Amino acid sequence: MANLLLLLVILLNFYTLGSARLVACIRAVALQGALLALLPLATHGPTGHALLLGAGALLFKGIFIPLLLLRTIREVRIRRDVESFIGFVPTLVLGLLVTAGAFIFSDFLPLAHEHHEGLFVPTALATMFCGFLMLITRRKAITQVLGYLMLENGIFIFAVLLSAAIPLMVEAGILLDLLVGVFVMGIVLNQISREFTSLETERLTALKE
Amino acid sequence: MSLLLYALLILFGGSLGALLLGKSKLASRVGAVAVLLATMLSGYLALQVLLSGQTLTFSTPWAVPGGEFRLLLDPLAAFFILPISILSFFCTLYAGPYLAHGERSRSLAPHWFFYTIMVLAMLLVVTAANSLLFLFAWEIMTLSSFFLVAWDHHLKEVRKAAWLYLLAAHCCMILLLALFVLAGNYSGSLNFSDFGPLAELPLTSGSLLYMLALFGFGVKAGLFPIHIWLPNAHPAAPSHVSALMSGVLIKTGIYGILRILSFLPPAPAWWGWLMALLGAAGALYGISMAAQQRDIKRCLAYSTVENIGIMFLGFGFGLVAAAQGYPTIALFAFAGGMLHLWNHALFKGVMFLGAGVLLQATGTRDMNRMGGLLKQMPVVGILLIGGSLALGALPPLNGLISEWLIYLGLSQAGISLGGFNALVPLLLIGLLGLVGALALLTFSRLIGISLLGEPRDPSIAQHHATAPAMLISMATLLAGCLAIGIYPQGALRLLTPALSSVARLSVGAELESAVAPLGQWALLLLAGLILCAGILTFLLRIGHRAQATTWCCGFRFSTVRMSYTAEGFSELSAAHLMPGIMRPHLQREKVEGIFPAATSLAQTSPDPVLIRILNPLFIAVGDRCQKLRWLQQGQLPIYLLYMFILCILLLAWSVWTGRGG
Numbered sequence: 001m002a003n004l005l006l007l008l009v010i011l012l013n014f015y016t017l018g019s020a021r022l023v024a025c026i027r028a029v030a031l032q033g034a035l036l037a038l039l040p041l042a043t044h045g046p047t048g049h050a051l052l053l054g055a056g057a058l059l060f061k062g063i064f065i066p067l068l069l070l071r072t073i074r075e076v077r078i079r080r081d082v083e084s085f086i087g088f089v090p091t092l093v094l095g096l097l098v099t100a101g102a103f104i105f106s107d108f109l110p111l112a113h114e115h116h117e118g119l120f121v122p123t124a125l126a127t128m129f130c131g132f133l134m135l136i137t138r139r140k141a142i143t144q145v146l147g148y149l150m151l152e153n154g155i156f157i158f159a160v161l162l163s164a165a166i167p168l169m170v171e172a173g174i175l176l177d178l179l180v181g182v183f184v185m186g187i188v189l190n191q192i193s194r195e196f197t198s199l200e201t202e203r204l205t206a207l208k209e
Numbered sequence: 001m002s003l004l005l006y007a008l009l010i011l012f013g014g015s016l017g018a019l020l021l022g023k024s025k026l027a028s029r030v031g032a033v034a035v036l037l038a039t040m041l042s043g044y045l046a047l048q049v050l051l052s053g054q055t056l057t058f059s060t061p062w063a064v065p066g067g068e069f070r071l072l073l074d075p076l077a078a079f080f081i082l083p084i085s086i087l088s089f090f091c092t093l094y095a096g097p098y099l100a101h102g103e104r105s106r107s108l109a110p111h112w113f114f115y116t117i118m119v120l121a122m123l124l125v126v127t128a129a130n131s132l133l134f135l136f137a138w139e140i141m142t143l144s145s146f147f148l149v150a151w152d153h154h155l156k157e158v159r160k161a162a163w164l165y166l167l168a169a170h171c172c173m174i175l176l177l178a179l180f181v182l183a184g185n186y187s188g189s190l191n192f193s194d195f196g197p198l199a200e201l202p203l204t205s206g207s208l209l210y211m212l213a214l215f216g217f218g219v220k221a222g223l224f225p226i227h228i229w230l231p232n233a234h235p236a237a238p239s240h241v242s243a244l245m246s247g248v249l250i251k252t253g254i255y256g257i258l259r260i261l262s263f264l265p266p267a268p269a270w271w272g273w274l275m276a277l278l279g280a281a282g283a284l285y286g287i288s289m290a291a292q293q294r295d296i297k298r299c300l301a302y303s304t305v306e307n308i309g310i311m312f313l314g315f316g317f318g319l320v321a322a323a324q325g326y327p328t329i330a331l332f333a334f335a336g337g338m339l340h341l342w343n344h345a346l347f348k349g350v351m352f353l354g355a356g357v358l359l360q361a362t363g364t365r366d367m368n369r370m371g372g373l374l375k376q377m378p379v380v381g382i383l384l385i386g387g388s389l390a391l392g393a394l395p396p397l398n399g400l401i402s403e404w405l406i407y408l409g410l411s412q413a414g415i416s417l418g419g420f421n422a423l424v425p426l427l428l429i430g431l432l433g434l435v436g437a438l439a440l441l442t443f444s445r446l447i448g449i450s451l452l453g454e455p456r457d458p459s460i461a462q463h464h465a466t467a468p469a470m471l472i473s474m475a476t477l478l479a480g481c482l483a484i485g486i487y488p489q490g491a492l493r494l495l496t497p498a499l500s501s502v503a504r505l506s507v508g509a510e511l512e513s514a515v516a517p518l519g520q521w522a523l524l525l526l527a528g529l530i531l532c533a534g535i536l537t538f539l540l541r542i543g544h545r546a547q548a549t550t551w552c553c554g555f556r557f558s559t560v561r562m563s564y565t566a567e568g569f570s571e572l573s574a575a576h577l578m579p580g581i582m583r584p585h586l587q588r589e590k591v592e593g594i595f596p597a598a599t600s601l602a603q604t605s606p607d608p609v610l611i612r613i614l615n616p617l618f619i620a621v622g623d624r625c626q627k628l629r630w631l632q633q634g635q636l637p638i639y640l641l642y643m644f645i646l647c648i649l650l651l652a653w654s655v656w657t658g659r660g661g
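The listed protein sequences correspond, in order, to chains A and B.
Take 1 as the starting number for the first sequence in the numbering used here and just add one per residue.
Take 1 as the starting number for the second sequence in the numbering used here and just add one per residue.
These are calculated hints, taken from the structure and not from any lab test.
Note that this is a predicted model, so its numbers are computed, not measured.
If you only want the chain A side, here are some residues facing chain B, beta carbon under 7 Å, derived:
{"id": "1", "residue": "F108"}
{"id": "2", "residue": "F132"}
{"id": "3", "residue": "L135"}
{"id": "4", "residue": "I136"}
C-beta atoms are modelled at their ideal positions from N, C-alpha and C, and glycine is treated no differently.
Make the full structure from the sequences, and use the hints.
Okay, here's the thing in structure tokens:
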């Protein structure tokens with residue numbers, strides 16, 4: 001069950017990396033968040049801790065943040081296709097390479113025995129790397145937010161692996177952090193689009209010393 | 001031990017109280033009362049520890065990884081707490097009226113906040129027994145003193161001085177971080193009590209730790225050639241802060257070195273030689289620069305460099321003697337260094353506080369604009385003269401005692417070591433003698449130019465009444481100097497427990513018997529001086545004095561502008577004694593023609609190490625770094641790419657080392 005979920009997460013990574021439409025990207029990331037919400041239940045069973053974690057993840061990653069992002073792009077009126085520094089196919093190929101790298105790499109890691117078997121560690125690494133790729137290659141500020149979300153999803157997978165050890169407060173803190181981050185991003189994006197009629201981070205270089 | 005905790009709590013409460021009360025006058029009172037109370041407690045406790053030689057500890061968990069709120073009050077810590085408490089007490093007493101004199105509209109709450117925090121941090125630095133707690137307290141001490149130095153931040157030179165101080169302090173922090181991380185690595189724990197394995201380190205690792213400690217703590221202590229922040233920061237700070245910084249704050253650097261040395265294996269001779277030679281160089285350099293300054297506080301700051309040099313000379317030579325197996329000589333040298341540390345806290349306190357009174361009365365730190373102040377403020381003048389006598393190591397005051405001990409150590413080494421080895425101590429005696437002579441020049445100049453003669457600058461407002469609290473604090477400090485000068489055995493007995501832990505030797509009666517005659521002679525001299533003064537006043541009363549103008553080289557009308565300037569006083573030493581690079585910079589126009597036009601001459605003496613070595617070095621490094629500007633693209637994705645690459649590299653590295661290990 002857990003492995004199936006993780007495979008889906010990886011596929012969604014590729015979809016997001018390869019997709020050109022913003023709305024589709026946001027939906028894919030939302031779906032990824034929702035799938036992750038099932039992950040604690042699938043691994044630890046329906047304990048209180050896992051339920052709380054799943055509910056929090058679903059609420060924030062699956063529903064709230066994507067809605068917020070959709071609202072933002074409605075307000076700043078960008079539905080155009082996302083642009084990137086390098087084309088979609090090269091990005092996708094890079095994503096494949098990083099994912100393969102993550103799988104190979106996780107074999108070398110000095111993990112506890114019970115963690116060696118599942119797809120947890122490679123998926124977490126692959127998702128983080130794909131998020132990073134997204135951050136690096138895309139130009140629009142909003143897709144960079146999506147990159148951050150994916151990065152956080154990767155961290156979340158790691159956290160699920162250790163959720164017995166990590167106190168709930170830490171996870172709640174991470175989620176809150178993310179939410180605040182997205183809020184701020186939304187506000188900043190609105191302000192930027194009002195002032196400069198462009199949302200491309202490439203042009204935000206005037207602050208360079 | 002609970003007394004120390006109370007003191008720390010009172011200081012913390014006082015700082016918050018001062019900050020919360022804001023602009024009201026109550027803020028100053030709360031801050032001052034907190035420091036006075038706390039320093040009384042800590043001073044009493046330190047005295048108790050020094051008298052009984054016991055060791056107190058306190059420990060409570062602290063929610064920082066690797067950290068523990070662990071305090072240790074052993075004789076070495078108490079040895080430093082005592083001067084910190086005494087000097088803080090009197091500086092606080094002085095600070096109230098001193099600050100009230102300044103701008104009325106300005107809120108004093110920030111000052112008192114940082115001041116109490118600084119005292120708190122100093123107490124914490126010398127008692128911390130956990131590396132993290134120590135570094136934490138050290139950093140707080142640096143930052144609070146930075147804000148105090150920058151108190152008059154509307155002046156550009158003050159901002160520059162504070163900036164230099166912060167820069168130097170953080171360079172020292174880097175070395176200290178490396179030091180404690182390494183030490184923690186070797187011993188497997190960050191608590192000082194677990195640093196036992198450090199004593200078995202091989203010589204190379206031990207030397208590395210020693211060098212880190214010497215230069216890391218040396219920046220704060222003002223060790224030559226990394227003293228550069230000191231001559232700028234002391235004049236910039238308010239006077240009581242300069243007194244506290246020069247008197248005790250920089251000594252925490254010496255504390256750090258002594259503490260680290262107590263963990264390391266017995267020092268080989270070259271550690272001691274390095275320290276002693278740097279100290280001797282610093283003493284000579286500091287006093288030569290002090291003799292050229294016309295800014296009274298800058299002159300005192302350079303004299304601090306000199307005195308720190310003398311202390312390092314004592315400690316370094318003590319290490320050498322201990323390594324070569326001469327325990328008596330080592331004891332003399334260590335005792336001289338340690339006693340000088342106390343003495344310096346006392347007399348430098350008097351001098352900086354006195355300089356503050358002069359600054360307040362005249363509105364300038366420039367000696368050339370003062371003059372004739374002894375007649376206007378006789379009490380302050382006499383206190384300053386007393387402080388200068390102590391600084392110049394003249395009897396019957398305390399400066400002589402500590403330097404005498406170092407001289408004794410050096411001369412005994414010269415006698416008992418044979419051949420070539422004896423040469424260096426004997427040369428050091430000569431150097432120390434030269435330092436003493438230059439110190440006499442410097443302080444007779446300071447007194448002569450600023451206090452004696454006629455008032456030079458008519459624009460300077462005349463006499464202000466000095467607040468009694470300011471006079472009392474200075475007078476008490478000077479009385480302390482006199483007491484040590486007359487009864488040095490008492491001071492030595494008090495520092496014996498700390499001395500035996502620093503020198504790792506048991507202390508016999510030889511020290512006290514060496515200084516006891518000095519004390520008796522000092523008493524005799526004092527009695528003689530008082531008698532002479534009495535007879536002179538009596539004679540002046542009954543006889544009549546002839547009054548006439550001074551002969552002024554054939555000029556008809558003598559003016560005050562013809563009197564000696566500070567530069568003129570030290571011209572001989574500056575032009576003939578100093579090497580070329582240390583001479584003052586002259587700016588003069590050429591005198592031409594039969595009837596030359598009016599011309600001007602200006603003389604400055606900036607720090608040669610700073611302007612000739614460090615400034616060009618940093619400018620060169622900065623220029624090289626310009627070539628790396630292409631890395632800074634100003635594009636977010638590029639920066640993210642850097643982070644990505646770094647993450648990958650770190651992951652690969654961790655796997656690599658995991659495999660290898």
